[in-house]
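*Asks:* Chain by chain, the residues:
Protein chains: 2
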Amino acid sequence: MKMRIEVLDTTLRDGAQGEGIIFSLEDKIRVIRKLDELGVDIIEAGNPSSNPKDRQLFAYARDHLKPANAMLAAFGSTCRPHAKAADSPECVCLAECGVQAVTVFGKASRHHVDKVLETTEEENLRIIADTVGYLKKKGLLVVFDAEHFFDGYGIDRVYALDVLKTARDAGADRLVLCDTNGGTMPWDIARIVGDAVSTLGGYIGIHCHNDAGMAAACTMEAVRAGAMHVQGSVNGFGERCGNADLCTVIPGLALKLGKEVLREGSLSRLGDTARLVADTVNLPMNENSPYVGRSAFTHKGGMHIDAMLKNPDTFEHVDPGKLGASRKYLLSEMAGRGALMTRLREIDPALKKESPETGRILGELKQLEADGYSFEGAEASLKLRLLEMLGRRRSFFKLTDFHVVCGKPGDNENSQAYVKVSVNGQTEITADEGDGPVNAIDLAVRKALARFYPCITRMKLMDFKVRVVNNLGTASGVRVAMETTDGRHVWSTVGVSSNIIEASVIALTDSIEYMLCGETEGWD
Amino acid sequence: MKMRIEVLDTTLRDGAQGEGIIFSLEDKIRVIRKLDELGVDIIEAGNPSSNPKDRQLFAYARDHLKPANAMLAAFGSTCRPHAKAADSPECVCLAECGVQAVTVFGKASRHHVDKVLETTEEENLRIIADTVGYLKKKGLLVVFDAEHFFDGYGIDRVYALDVLKTARDAGADRLVLCDTNGGTMPWDIARIVGDAVSTLGGYIGIHCHNDAGMAAACTMEAVRAGAMHVQGSVNGFGERCGNADLCTVIPGLALKLGKEVLREGSLSRLGDTARLVADTVNLPMNENSPYVGRSAFTHKGGMHIDAMLKNPDTFEHVDPGKLGASRKYLLSEMAGRGALMTRLREIDPALKKESPETGRILGELKQLEADGYSFEGAEASLKLRLLEMLGRRRSFFKLTDFHVVCGKPGDNENSQAYVKVSVNGQTEITADEGDGPVNAIDLAVRKALARFYPCITRMKLMDFKVRVVNNLGTASGVRVAMETTDGRHVWSTVGVSSNIIEASVIALTDSIEYMLCGETEGWD
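Protein chains in written order, with the working numbering: chain A, 1 to 524; chain B, 1 to 524.
Hints were generated in silico from the structure; no laboratory data involved.
Some clues are possibly wrong.
Since the list gives no way to pick out one identical chain from another, each pair is judged satisfied if it fits inside one copy or across any two copies.
As the list claims (entries may be wrong) - DSSO-like mimics (lysine-lysine), calculated; alpha carbons at most 27 Å apart, straight line:
| hint | residue 1 | residue 2 |
| --- | --- | --- |
| 1 | Lys-420 | Lys-408 |
| 2 | Lys-398 | Lys-408 |
| 3 | Lys-420 | Lys-138 |
| 4 | Lys-136 | Lys-256 |
| 5 | Lys-115 | Lys-256 |
| 6 | Lys-66 | Lys-53 |
| 7 | Lys-465 | Lys-366 |
| 8 | Lys-408 | Lys-447 |
| 9 | Lys-84 | Lys-138 |
| 10 | Lys-322 | Lys-136 |
| 11 | Lys-84 | Lys-136 |
| 12 | Lys-34 | Lys-259 |
| 13 | Lys-256 | Lys-34 |
| 14 | Lys-465 | Lys-53 |
No experiment lies behind these values; they were computed from the predicted model shown.
So that you can see chain A by itself, here it is in the shape it has in the complex (with noise of 0.2 Å):
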């Protein structure tokens, strides 16, 4: 039988001391909902005596959050010295606040409990044993987090395991070893849990910190020398360099230590759920995130693709498959005809990697990159091209003229543009004004054209980014990258010119060409 690792998710928590992280109260609904229907085994949510926000979070679920899954969890410290968890009010709020579990830290390092806590070393066993005695008589799951672990083992190993056994006697089910500064080396935080399993027995946690660039592999190497519960957090969001992500950790723990983690179908939902809390605090996706991130599964070296279209395995550690992710393959100045053809192919199944077409397609496309065009992230404009060169792209609309006149900027439409468009000889000419030329001449077009497409009142930008591609100037030529939605899909164009206004233009033009050809004739 497989060994069952159990995951307690700290993004709410940890994760939300993570510069630029916030989460309001319907954030972290919202979080705790996507957690639940992933599989975790533990919610940590917040810590209510710290903030109101976590009081109210925790008395509304309470009430209205009844996970299918997941226990939820409170976080707070332990009673201070010489005081007694009974009559803390911190430690009161744990017990109270409507949770079946809760994660109580304590210190693991005598150089902490001198110099923070400002106590004895026995005395800082005694608020352990007090705090978690106290809340096991509440009928609690009690995580006990020692907190500097590492660092104290280094110090003194015989109080760090001490403080371990102190909690143990008191009663707590999950003792969880932490890497709180996160500079612990993989080989020993396996040398120093290794210690600990076998010195305690007991259910051993694992807690890391990602501040050397090693949380993920910390944790994987606790696990192999006997930890059963780990700690991290979506994204590894958290503070300074974050928590192990646990988005590397669980898919780390199941396809390669072969663990059994989360639930039957979890891997497929990681990414989704990488994604819902990138989204709630409205941070980018690192795309470049392993198992989760758009790239990677995603080929851009030439040979790399004529390798993997003859064989999948060559250039792939896992099958995407497996995470509920597809294989992508780059068009770019490295890219052969093996990543072309599979493009094409979505166009003409008859075509052939030695045809005369596909050469003189592949040496077109080379020719608009050499130009400053970059397909990358640009799938709509790429398929346009496509079909422009294979005679096959129908033509919805001609923008046959425009102006735009800028003024010193001072209100919010500073910019007027003119346009003219034309559809099946059809002409609208039409005026509108706007924050910015680029903006005026979104307004204007779609304006005269929404009389032919009513659809395209939809469409909204997303977002603008703008590139020199070559160093001479602003005279040199300028790349611009459009991310268009219409509320339900999600398209990338781009366009190159000497002229940002042009290079606007196209990326523009073709957003919307791109929106009329999924209307007309179904979206991919």
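Given chain A, put chain B in place with the hints provided.
*Replies:* Chain B in isolation, oriented as in the chain A frame:
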């Protein structure tokens, strides 16, 4: 004596295979200069037979780039089966492109020899020996990259080691074990590198990919097992999930393993290098990156900050000073004052950390940053803002009015700008035309000012980057970053507005003013 570890940087080759990463020729030259300054031993700059840009780069490098510390390396493949290296255009191109070092890759996995190369095991060994031998005869330092070494070792240990022996016997100077698919675990890397080191002796290197999130840990384990040469990229840029991040590995080798790596003082230049490389490809810096991210030494949790103020080693695994970084506290009166003080004292040595002026300036800067400004990589704009906040900004000119008209592009002068400037009460009205609105305004403003300040005719815009600072479409805020030169100095400015033209004008007028400052009051 400390063991010295050699570093090969492949940002410009393997890094360029990352999705969305495109280096122009000028970009590559800029990055090479920075890596050389950092103290990298070998800079793998491109693959001359895969694309014309890299051929151009090496041709340029031969005559114009003389790195002070680094060797420049070109990357390529062994010759094809049944061919001779001396007759193979790719191998000849590698040998003749003018570098001192080459990285040549060959297959170390039986599976790849059979399925991708489609030849016999013996023929694969022959082409490796022939290619390495040919390149050695040309007097080059030969780094042999054993592709898919770890997967190959798992399939057939003897054959994988035979590949290394063949390369060594043919004269290869470095034998680099590549985890090409990035799926090997650190403990397996340690075991297999240990075996290769003890079986072969010789100068073993390591090249890891990050598909399982373990590339940095794997690289560290390889060095512990005896590897003396490490390959990786700045910010971990690279195909799929990227390569081992040198910004994590280099501090790890120096601070955690006590190895000698790069040069004296290199660690404190690492952050700058990371930022320059990210800026060059117009990707956001990952601010949670170990050692070099802005959040790496940023404390947010209230209890953590309290502990840090009592004793700075309580929540840091290394001293940020070693990385040329500084500690930051969020949500705290103390935040950022230290860093700000160094800038303020350059302007007014009498200013104190506690003075009310310092607090006011900090507040104003925070407001600008909340509006979307970012002064990192825009030192010229920062200096002007600080002078202004201290009431010491000198007024050289005012752009009192402008407007610009852009027609449908077609020729190179599609935009006309009218500008009105005033200098010491004197007014100059003029106009000019250009390729795009920013170019037209730039030309017109400088034409108007040249009467008063002839030196500005030497000014030349080098780079121009635009990014939307929140995702509300073209009407949202845009940040324009500009880089300007007068042939001797290079400076960077930034402007933010909801209107791209206004943002550009702010960056442009800052740039002109900074130059006039430098010319009249001395350059920094």
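*Asks:* Each hint should be assessed against the structure and marked as holding or not.
*Replies:* Cross-check of the supplied hints:
1. Lys-420 to Lys-408: For Lys-420 and Lys-408, the Cα distance is within 27 Å both inside one copy (25 Å) and across copies (11 Å).
2. Lys-398 to Lys-408: Between copies only: 13 Å across, 30 Å inside.
3. Lys-420 to Lys-138: Classified as neither; 63 Å inside a copy, 63 Å across copies.
4. Lys-136 to Lys-256: Neither. Shortest intra-copy (36 Å) and inter-copy (40 Å) distances fail the 27 Å Cα cut-off.
5. Lys-115 to Lys-256: Classified as between: cross-chain Cα gap 24 Å, same-chain 41 Å, threshold 27 Å.
6. Lys-66 to Lys-53: within (19 Å within a copy, 59 Å between copies)
7. Lys-465 to Lys-366: both (22 Å within a copy, 24 Å between copies)
8. Lys-408 to Lys-447: Cα proximity of Lys-408 and Lys-447: in one copy and across copies (25 Å, 18 Å).
9. Lys-84 to Lys-138: within (15 Å within a copy, 78 Å between copies)
10. Lys-322 to Lys-136: For Lys-322 and Lys-136, the Cα distance exceeds 27 Å both inside one copy (40 Å) and across copies (45 Å).
11. Lys-84 to Lys-136: Result: close within a single copy only, 15 Å intra versus 75 Å inter.
12. Lys-34 to Lys-259: within (22 Å within a copy, 44 Å between copies)
13. Lys-256 to Lys-34: within (25 Å within a copy, 38 Å between copies)
14. Lys-465 to Lys-53: both (22 Å within a copy, 24 Å between copies)
Checked against the numbered hints above, the structure violates hints 3, 4, 10; every other hint is satisfied.
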